[in-house]
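Take a look at the letters that make up each chain.
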Amino acid sequence: AQKVTQAQTEISVVEKEDVTLDCVYETRDTTYYLFWYKQPPSGELVFLIRRNSFDEQNEISGRYSWNFQKSTSSFNFTITASQVVDSAVYFCALTYPFNSGGSNYKLTFGKGTLLTVNP
Amino acid sequence: ETGVTQTPRHLVMGMTNKKSLKCEQHLGHNAMYWYKQSAKKPLELMFVYNFKEQTENNSVPSRFSPECPNSSHLFLHLHTLQPEDSALYLCASSQEAGAGSTDTQYFGPGTRLTVL
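Each protein sequence line maps, in turn, to chains R and V.
Each residue of the first sequence is one higher than the one before, counting from 1 in the numbering used here.
Each residue of the second sequence is one higher than the one before, counting from 120 in the numbering used here.
Because the hints were derived from the structure by calculation, they are not lab data.
Yeah, the Cβ is synthetic: ideal placement off N, Cα and C, and Gly gets one too.
Be a bit skeptical, because a hint or two may be false.
DSS-like mimics (lysine-lysine), calculated; alpha carbons at most 25 Å apart, straight line [as the list claims (entries may be wrong)]:
| no. | chain 1 | residue 1 | chain 2 | residue 2 |
| --- | --- | --- | --- | --- |
| 1 | V | Lys-155 | R | Lys-3 |
| 2 | V | Lys-141 | R | Lys-106 |
| 3 | R | Lys-16 | R | Lys-106 |
| 4 | V | Lys-159 | R | Lys-3 |
| 5 | V | Lys-159 | R | Lys-111 |
| 6 | R | Lys-3 | R | Lys-38 |
| 7 | R | Lys-106 | V | Lys-159 |
| 8 | R | Lys-38 | R | Lys-16 |
| 9 | V | Lys-160 | R | Lys-3 |
| 10 | R | Lys-106 | V | Lys-155 |
| 11 | R | Lys-106 | V | Lys-137 |
| 12 | R | Lys-106 | V | Lys-160 |
| 13 | V | Lys-141 | R | Lys-38 |
| 14 | V | Lys-160 | R | Lys-38 |
| 15 | V | Lys-137 | R | Lys-38 |
| 16 | R | Lys-111 | V | Lys-155 |
| 17 | V | Lys-171 | R | Lys-111 |
| 18 | V | Lys-155 | V | Lys-137 |
| 19 | R | Lys-38 | V | Lys-159 |
One-sided excerpt, in silico: chain R residues whose CB lies under 10 Å from chain V [stated by the list, open to error]:
| no. | residue |
| --- | --- |
| 20 | Val-46 |
| 21 | Ser-73 |
| 22 | Lys-106 |
Below, a sample of chain R positions facing chain V; criterion: calculated Cβ distance under 8 Å [claimed, not checked]:
| no. | residue |
| --- | --- |
| 23 | Tyr-25 |
| 24 | Tyr-33 |
| 25 | Pro-41 |
| 26 | Ser-42 |
| 27 | Glu-44 |
| 28 | Arg-50 |
| 29 | Thr-95 |
| 30 | Leu-107 |
| 31 | Phe-109 |
| 32 | Gly-110 |
| 33 | Lys-111 |
| 34 | Leu-114 |
All chains, please: the whole structure from these sequences, using the hints.
Below, the structure written as structure tokens:
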């Protein structure tokens, strides 16, 4: 069974602080993909990053960085110098092929972490 | 229009009403999805369509009826809903299988549904 755990339900920081959102996953598949999505108050889920299970290189995109550790089944997300516009619910997700042809992927989401960045 | 659009953005309906939610994707994808997001619960996958064919029905009650006339459009027909069906309904699309497959799902802004 696939499972994604985001242990932090809510985090509150002051602007310019760095913040790390934790994500731990469980899967028996050897090939899978990990994602982070951002959901601002407007409701839309915004895609942030996709990571292949064979690629453990960390990634940096502007103020965002991701740390993928296969040994601990973790895929943590750090926002550097947080801003008020970063306030949102952040979801970590795991996808795996669910039909026999492997042509469709099912996303398993964590429960999300509500990040509030105060001015 | 770009990305994935959904209409209406907000919907209030009584339990005896019939309404439909519409989703349109402008990304050239071949798979579309309906998700339900209730307060305090993880996102729940409802339906998956691949090349207009339904490939997943995640034990969704029959009062929810999906329709996918082509790879760009997805509808969710609603009838005799219950108050507990009030939620944010999100549509997503992706490019599955073959050349250009990404399996990354791109989401629309959602329809906030309230059932009275």
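Legend entry - Satisfaction of hint between V:Lys-160 and R:Lys-106, Cα-Cα up to 25 Å: With Cα atoms ~17 Å apart, R:Lys-106 and V:Lys-160 stay inside 25 Å; holds.
Inset, instruction - Closer than 8 Å between Cβ atoms is the bar; does R:Leu-107 clear it against chain V? Give me holds or violated. - result: Result: holds, 6 Å to nearest chain V Cβ.
Inset, instruction - Report holds or violated for the interface hint on R:Ser-42, using the least CB-CB distance to chain V and a cut-off of 8 Å. - result: holds (6 Å)
Legend entry - Restraint check, 8 Å cut-off on beta carbons, for R:Arg-50 near chain V: holds (5 Å)
Legend entry - Agreement of hint R:Thr-95 with chain V interface, Cβ distance less than 8 Å: Status holds, d = 6 Å.
Inset, instruction - Could you grab the alpha-carbon distance between V:Lys-160 and R:Lys-38 and see if it respects the 25 Å cut-off? - result: Measuring from Cα to Cα gives roughly 16 Å; hence the hint holds.
Inset, instruction - Go through the hint on R:Phe-109 and say holds or violated, using the shortest Cβ distance to chain V against 8 Å. - result: Constraint on R:Phe-109 satisfied, holds at 4 Å.
Legend entry - Interface hint status, R:Glu-44 versus chain V (Cβ within 8 Å): holds (4 Å)
Legend entry - Agreement of hint R:Leu-114 with chain V interface, Cβ distance less than 8 Å: violated (11 Å)
Inset, instruction - Starting from R:Lys-111, check that the Cα of V:Lys-155 is at most 25 Å away, please. - result: Given that 25 Å is the threshold and the Cα spacing comes to 13 Å, the pair holds.
Inset, instruction - Take the C-alpha atoms of V:Lys-159 and R:Lys-111, compute the straight-line distance between them, and say whether it is at most 25 Å. - result: holds (8 Å)
Legend entry - R:Ser-73 as chain V interface residue, shortest Cβ-Cβ below 10 Å: With a closest approach of 18 Å, the R:Ser-73 hint is violated.
Checked against the numbered hints given earlier, the structure breaks hints 3, 11, 15, 17, 21, 23, 25 and 34 and satisfies all the rest.
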